[in-house]
Amino acid sequence: MWPWGHAAVGYLAYSLGYRASDRRLTGAAVIALGVGTQFPDLIDKPLGWTFGVLPGGRTLAHSLLTVAVVAVVLAIPLGVVSARRRREPVDYGATLFSLVGISTPNFWLGVMLIIFVGVHVDVIPTTGRQMGLQTALFALSNGSVSELGQWAAQLVLPAITLGTYFTALITRLTRSGMLEELGQSYVTACRAKGLPETLTLYKHVLRNTLIPIVTVLGLQLGTLIGGAVITETVFAWPGLGRFLITSINNRDWTSIQGTIIVIGVGFVLINIVVDSLYAYLDPRVTAE
Amino acid sequence: MISERVKRSLRREFKQNRLAQLGVVLVLLLFLVATFAPFLALHDPTTTRIGTGGTEDLSELPPLGFSYTEQRVTPSGSETVEITARQTFPLGTNALGQDIYSRLLYGARVSLLVGLLGALLATVIGVPYGLVAGYFGDRIDDTLMRGADVMLAFPSLVLAIALVGVFRDSDVHTTTIPDPFVHAARSDLVPNVLIPRAAHVAEMPASFTFPVTVTLVVALVNWVWFARVARGEAMSVRAEEFIKAARSAGASDWRILRQHVFPNSLTPIIVLATIQVAAIILLESALSFLGFSGTDLTWGADIADGRSDQRSYWWIATMPGLAIVFAVIGVNLLGDWLRDALDPSIEGEGGV
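Chains as they are written, first to last, in this note's numbering: chain A, 27 to 314; chain B, 111 to 462.
Excised from the complex, chain A in its bound form (with noise of 0.2 Å):
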């Protein structure tokens, strides 16, 4: 069911955009085309059941990678490192970090990093998507790595630029979700049991910090969907926000449409993978 559901998507986000800007066709019409016509091309193209379909999809894929990780790496471990270290320079610095991170406009920050980091490392490229990931996979395969190289550095700003607000907003809230759980009973029983540090917090702590952190990071990458508009725009990527504000401007109301329905699908496909986290990390939580 699952793989269908996605291909479906995957699909009609495929059709549409290639075939939205015909404004004759009604959003219906669009569907029934594309599942008519390009069907053969879906299963020729297996990568095409992941976002990899959208038009501009790829950066979506991208943005959505670049964002999770940095979010996991950076923010969680900064936030439970700064909950423990509370009041210490470390603590201090991830308060400050986190504070002007979800006050910058990202827009700002992208404007900021292409006049003073693009303009002077040469390597970063400062506008455009020069190269897919297929491109550089492809090229690995044939034993050079230097597209690779290349991806990532254009992937370097744009990522910055979504990242630091995520990265602040769940350093910040796992912070005070670490403050909170650490002051239960629980966590002087694990101590008293002579469980080490570590263990005691990335296992214990963490885990029951990490269901209100999963619900705002579903949510926020839910809106990334169509709200990378604004990094799209910055750093001229052809993504699916810019689309849909090309759109608009255009009145091009089959290609809003068609774009809404693809957010809307995609941010309801977050959420059940959200839901389906919970009963993870809580074993309380089980599917009625």
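Hints listed in this document are in silico derivations from the structure and should not be mistaken for laboratory results. All values derive from a computational prediction rather than experimental measurement. Hints should not be assumed to be uniformly reliable.
Listed below are several chain A residues computed to face chain B (Cβ distance under 10 Å; list not exhaustive) [claimed, not checked]: (1) 126; (2) 132; (3) 144; (4) 145; (5) 248; (6) 255; (7) 259; (8) 274; (9) 275; (10) 285.
Virtual Cβ for every residue (Gly too), placed ideally from N, Cα, C.
Starting from the known structure of chain A, arrange chain B on it as the hints suggest.
What follows is chain B alone, placed relative to chain A:
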């Protein structure tokens, strides 16, 4: 509604917390700047100086301390021109020669007004909605909150852009608000000696553009958060003894909601409203950056302006961004202060 205990904990937290003090200072500064913009501005923020009609070309002047040289093509080859910063344009000028400092002051008005009114409107919509859902529970709760979930499932920026796209061509997209100080300085109603720098103030724009659609949109996008918080509070207050007591004394549901549930849910709503002001200022700047605001005298629009020549004339985009960052940091710190002081469940338990 504000008890002695609340005042005490606010005061204690304020004394202990440097960040709270910084937040209050920044927010006060924002209010002062926005209110008294005509007095503080050095020039009319809309005056352009691009060197037409025999006037001096003052476009792209750098901020103080950042004078630069530029190669210019002249009929006799090229020459190096030195462009020096001027004291009368402390933060430089943009591509049209408008004074960036004065534009920042006026931009604060739009940001602050949209932030406050947007948050207020979101509260007015969201809080009754959530209180009713949480108080009555069951089917009413399900119906109302599923509706709210639909709103939540919509990425806020996309919804905002779509709504602006719909309303953009209507008459109410923007409205002009007359500036009382400038009117007073220009008319004889108030003796001009009572107004500091009256002649200067009279030169300022007589009104400023307020983006109505954007305000409605940010409220429509953000009211769900208020509904969720209010619902949670109403659900926990509903189970309290004094509600049962009120009901057994014959109070109607409406009366209980108004007299008992609402006042007891107020604290988290106030904290949320403060934080939402910050979120709305950011959303407003994003919308005006994308050109949906309807006025160009806002921080977001100024950043968008600065993008065209972002490499050579960095200050045009940098300055309004800094203004946004400081304003939002201030409001966020204020929110943190209120949360730490008013919500005992957060403070005091994490004694590591």
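Checked hints:
Against a cut-off of 10 Å between C-beta atoms, the interface hint on residue 126 of chain A holds, since the closest Cβ of chain B lies about 7 Å away. Interface restraint check: residue 132 of chain A against chain B, minimum CB-CB distance 8 Å, threshold 10 Å, status holds. This hint holds: residue 144 of chain A has a C-beta 8 Å from the nearest C-beta of chain B, less than the 10 Å allowed. The interface hint given for residue 145 of chain A is met, as the beta carbon of that residue sits about 6 Å from the closest beta carbon of chain B, less than 10 Å.
For residue 248 of chain A, the interface hint holds, the least distance from its beta-carbon to any beta-carbon of chain B being 7 Å, beneath 10 Å. With a least beta-carbon distance of about 6 Å to chain B, the hint placing residue 255 of chain A at the interface is held under the 10 Å criterion. A least Cβ separation of about 7 Å between residue 259 of chain A and chain B falls short of the 10 Å threshold, and the interface hint therefore holds. Because the closest C-beta pair between residue 274 of chain A and chain B is about 4 Å apart, less than 10 Å, the hint holds.
Interface hint status for residue 275 of chain A: upheld, as the beta-carbon distance to the closest one in chain B is roughly 8 Å, under 10 Å. About 8 Å separates the beta-carbon of residue 285 of chain A from the nearest beta-carbon of chain B, less than 10 Å, and the hint is met.
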